[in-house]
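Protein chains: 2
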Amino acid sequence: MTKCLAILAGQGDLPQMLAQNNPDALFVTFLGVDVSVPDGIKHYRASFEKLGQLFDVLKQSGVTDLVFAGAMARPALDPAKFDAKMITLAPRLMEIMARGDDALFRGIAEIFEAEGFSIKAAHAIQPDLLLPAGNHFGPEPSSLDQIDQARALEVLAALSPLDISQAVVVAGGQVLGIETIQGTDAMLNYVATTPQHLLRKKAIMLKGPKKGQDIRFDVPTIGKDTVYAAAAAGLAGIYILAGWVNVLHRDQVELAIKETGLFLRAL
Amino acid sequence: MTKCLAILAGQGDLPQMLAQNNPDALFVTFLGVDVSVPDGIKHYRASFEKLGQLFDVLKQSGVTDLVFAGAMARPALDPAKFDAKMITLAPRLMEIMARGDDALFRGIAEIFEAEGFSIKAAHAIQPDLLLPAGNHFGPEPSSLDQIDQARALEVLAALSPLDISQAVVVAGGQVLGIETIQGTDAMLNYVATTPQHLLRKKAIMLKGPKKGQDIRFDVPTIGKDTVYAAAAAGLAGIYILAGWVNVLHRDQVELAIKETGLFLRAL
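Residue numbers (my numbering), protein chains in the order written: chain A, 1 to 267; chain B, 1001 to 1267.
It should be emphasised that the hints constitute simulated quantities derived from the structure, not laboratory data.
None of the values given here were measured: they were computed from a predicted structure.
Check each hint, because a few of them may be wrong.
Only pairs whose alpha carbons sit at most 35 Å apart, straight line, appear in this in silico DSBU-like list of lysine-lysine [as the list claims (entries may be wrong)]:
#, chain 1, residue 1, chain 2, residue 2
1, A, K202, B, K1211
2, A, K201, B, K1120
3, A, K81, A, K42
4, A, K201, A, K258
5, A, K202, B, K1042
Going by beta-carbon spacing under 8 Å, a handful of chain B positions derived as facing chain A [said to hold, decoys possible]:
#, residue
6, I1041
7, G1177
8, Q1182
Don't be surprised by glycine CBs; every beta carbon is placed ideally from N, CA and C.
All chains should be modelled from the sequences, with the hints used to inform the complete structure.
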């Protein structure tokens, strides 16, 4: 199974974790995306402009399954460098790159699937990424935290059809942060600057997917750094939607929860 | 008409402007809210804990109309200082203070109206606060700016039923900022920190009311500082919903638009 897997690696810890647990996989990085390559793994450095070459290499290596892992910003493409395959794909790619993340990912999945590859979610390769519902680290949330959680869920649900936002911060019914394209950590840094007089209680963060989100791409993810950033922002705890949020290095996350005194609950 | 007006003043330029144009009004400030009192105006310093006293003073001064102007954070109330009237109002106030801004303002309006006062919108006192639809300062928005404006309007509309957010920033279809309780300037400061690689084009901000918002309170407001903050955040321009956004010191705003090269359009 792992013999026919390729990890298309973006930034962050997830591709590294997957490589560690799938040492026979082909590790694919892209020119212009700074990703460190784990020792002792087969590596191919691809170019966004030459997807035809990438398809060939994957097929020649016997790859059947692909996992997209880690963050990858929309690349600037240089049409002068396109290979023949890429020239045929370019109109479709231009069209989908102008859309929201979901449409983009779905379009890219279709392009790879049309080449005969099967796209897997990271948690299909490594099931312990997901924290089952009811799992809980740290102290119990208060009843007011639970009310804030319900409010955060309302906000996430309202924005979900617009393909925006995987995280919301609420304190005492007041919304303190709504994740935009800059990501969860940037939002938590913003929340950290909230003037004291606007805070009625400690805040909670809810993190979950966008409605109808293709769970094979851009899966909401938390790690120990998320916990520390949440603590620095003065939060009481973090809720995640079970089955929809990757928890990287669960042992480290649990340790961070112990250190910071926050709670983490999978709903 | 102005003889029977009281300005219940919060922070910012609006109460000062209203006082300047209504020198016969009674200028009411509240203990714990730092507001400078314009020279030569009748002034009463009220206490949130003694609304009964405030009602008496207003009635004795012949006040019939009230305008709430400027920002006022939810005060911390000390029940030990409540006057008799306030004791009877307290249960209702406690209930509405736990809600969203709209519910709070509506509740406060009802309390003042029950005392026989008529609550006016600031722009009912000073109609030139509103910029009519079609008014435009600065360069023309591009067609891509117009697309971003439509996207921003979608986001505002989605959050509106939840009583959240009066402003949204969009660039190239990507949402860069959604106003939360910290206000527009804080959001613009956040947008200013967006990494360059996430920007496909210069952003636009749309500012407008929440759906069903009581326009007598918490009216979305822009002034020259908003323009400068938007310029510092790298924006191309600002859209406002005409008839729903107060523009403070229009001449200063127009000058700021000229200086920064942004556009301002009332939709």
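Status of the hints after comparison with the structure:
Straight-line distance between C-alpha atoms of K202 of chain A and K1211 of chain B comes to about 28 Å, which keeps the hinted pair within the 35 Å bound. The suggested pairing of K201 of chain A with K1120 of chain B holds, with an alpha-carbon distance near 33 Å, which does not exceed 35 Å. Taken as a hint, the K81 of chain A and K42 of chain A pair is honoured in the structure, with Cα atoms around 25 Å apart against an allowance of 35 Å. With a C-alpha separation of about 21 Å, the suggested pairing of K201 of chain A with K258 of chain A holds against the 35 Å cut-off.
About 41 Å separates the Cα atoms of K202 of chain A and K1042 of chain B, which puts this hinted pair outside 35 Å; it is violated. Proximity of I1041 of chain B to chain A is violated relative to the hint, the smallest CB-CB distance being about 27 Å (cut-off 8 Å). At its closest, the beta carbon of G1177 of chain B sits 6 Å from a beta carbon of chain A; the interface hint therefore holds under the 8 Å criterion. Residue-level restraint check for Q1182 of chain B holds (minimum Cβ-Cβ distance to chain A is 6 Å; threshold 8 Å).
Figure legend: structure checked against the earlier numbered hints; hints not met, in rising order: 5 and 6.
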